[in-house]
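Trainee: So you can see what is in the structure, the chains are spelled out below.
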Amino acid sequence: MKKHSLLLLSGGIGTRMQQDIPKQHLLLFGRPIIIHTLERVDKIEEIGEIIITCPKQYIEELENMIINYNLNKSIKIIQGGNTRQESVFKGLTEINNNSVIIHEAARPFVKLADFENLINSEYSNISYGLDIPFTVLKKKDDYISENLNRSELVNIQLPQKFNAEELKQAHIKAKEEGTTFTEDASLLLKYSNSKVNIINGSDYNIKITTPVDYKIAEIIYKDYILNEI
Amino acid sequence: MKVYIITGASKGIGKSTAIKLSHDNPGDLYIILARDLSKLIETKKLMHVDSNVITKPIDLSDSDKVIKLIRSIGDEYGRIDYLINVAGYVNPKSLLETTVENWEMTFKVNILSVFVLTREAVRFMKKTGGKILNVASTAGLSSRPGWSAYSSSKAALISFSKTMSDELEEYGIKSYVVSPGRCATDLRKQLAPEEDPTTIMQPEEVADVISNLMGENGNNLDGQNIIIRKQL
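Residue numbers (our numbering), protein chains in the order written: chain A, 145 to 373; chain B, 272 to 503.
Hint data in this document are derived by calculation from the structure and do not stem from the laboratory. Possibly wrong hints are sitting among the right ones.
Label-pair distances were calculated between CB atoms; the ranges are [to be verified]:
#: 1; chain 1: A; residue 1: 298; chain 2: B; residue 2: 479; range: 54 to 62 Å
#: 2; chain 1: A; residue 1: 218; chain 2: B; residue 2: 298; range: 34 to 42 Å
#: 3; chain 1: A; residue 1: 201; chain 2: B; residue 2: 479; range: 52 to 60 Å
#: 4; chain 1: A; residue 1: 201; chain 2: B; residue 2: 437; range: 28 to 36 Å
#: 5; chain 1: A; residue 1: 223; chain 2: B; residue 2: 335; range: 30 to 38 Å
#: 6; chain 1: B; residue 1: 492; chain 2: A; residue 2: 216; range: 53 to 61 Å
#: 7; chain 1: B; residue 1: 297; chain 2: A; residue 2: 367; range: 37 to 45 Å
#: 8; chain 1: A; residue 1: 333; chain 2: B; residue 2: 335; range: 34 to 42 Å
#: 9; chain 1: B; residue 1: 460; chain 2: A; residue 2: 353; range: 58 to 66 Å
#: 10; chain 1: A; residue 1: 322; chain 2: B; residue 2: 334; range: 53 to 61 Å
#: 11; chain 1: A; residue 1: 201; chain 2: B; residue 2: 335; range: 27 to 35 Å
Keeping only pairs whose Cα atoms sit at most 20 Å apart, straight-line, the calculated EDC-like set for lysine to aspartate or glutamate is [as the list claims (entries may be wrong)]:
#: 12; chain 1: A; residue 1: 366; chain 2: B; residue 2: 479
#: 13; chain 1: A; residue 1: 334; chain 2: A; residue 2: 230
#: 14; chain 1: A; residue 1: 255; chain 2: B; residue 2: 440
#: 15; chain 1: A; residue 1: 339; chain 2: A; residue 2: 275
#: 16; chain 1: A; residue 1: 187; chain 2: B; residue 2: 438
#: 17; chain 1: A; residue 1: 255; chain 2: A; residue 2: 186
#: 18; chain 1: A; residue 1: 366; chain 2: B; residue 2: 440
Beta carbons: idealized from backbone N, C-alpha and C, even for Gly.
Construct all of the structure, not just a fragment, from the sequences and the given hints.
Mentor: Structure, rendered in structure tokens:
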């Protein structure tokens, strides 16, 4: 059985949530947000290891959390970088499989099947994505500068799966050139010849970023995860 | 083979529940807990001969021992499918006569031990799903002058059970709470010493309900306080 590594990004420090604790440690229906993802992944045999990148000051708290939830997987927590891109690169240097699945701890509505779809896909590099239902324009200073055809755009969602070595080499090139990216499909596209396939994501798989996201999170949990509403 | 843990199994509702479940589900493993080993052995003798029964004497007010025991059960058998918390404590006194020690012991046995047992069992149960049932009391639903420690501990147990029903749902764990009314147990004798026990509900009748809830018939009854009361 081919094994994959999960790289779980847990870099938030709570600024946009206006909280003293990072959003991924806030409780969602009784459990820390990050635990929702970890407990689901814990059931996936094909995931051989989990690397979590996290700010140094939260490593001990996260270690204790993982002990309390009695998870089976091998989990390694490392200090993240100053940027998301740095954190991913640091994580890539730690993994022991040729395939890596990258996910964000602040997206707790990822289902087991979402991971399994990536694992079972024939594509080495694949990302969830959604059509954009609204208009996005480019701006310059305070003026609209360019129209964008939304039918050509995609709202990228995590999780994503990549060939680990290809992504690592692309990161090295990006580091050499000093370029920054907000996610890894665009980074890989820029610095390798590899294609990244897109698979349909879900409107429910939101990233909890703002206080409003947190307010609606319990409703999404009950409706989408527990199927109660 | 399913693994059951039943507390308070030396007498009353706990004893009747252990006996009933073993006859309804012979062949499963029953770990029965109470302080008095000799009484646990008496319960074991009445359980189905094909059941695997392990007696574990323990004082549930000692949290460290409870934690150690549940972890050893989980490690040894790899699963805990059913946790049935029946053990109870009462020492009825008026407010002005209730000592801190009385209040603490009541809460230690009736709610703290249930929390500890649940937390430790869920660490294993979350991998397979399962059922947790707590025996509260109708005393937890209304004013009971002279029983304030007992009745408020049972109110806490009802609330805890309902919360667990939501919090543990994604694990496939169902949390039940039953509140028996007057039932012919030793505990009841302390609350109502003048009462004729033959005229009120018997522990076996409560055990019948519990056994139903632990089977498929109970799958849609979790998360709500179920009152078991003989109508007069």
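Trainee: Quick one: which hint numbers does this structure break? Sort them smallest to largest.
Mentor: As far as the earlier hints go, 6, 8 and 12 are violated by this structure, in ascending order.
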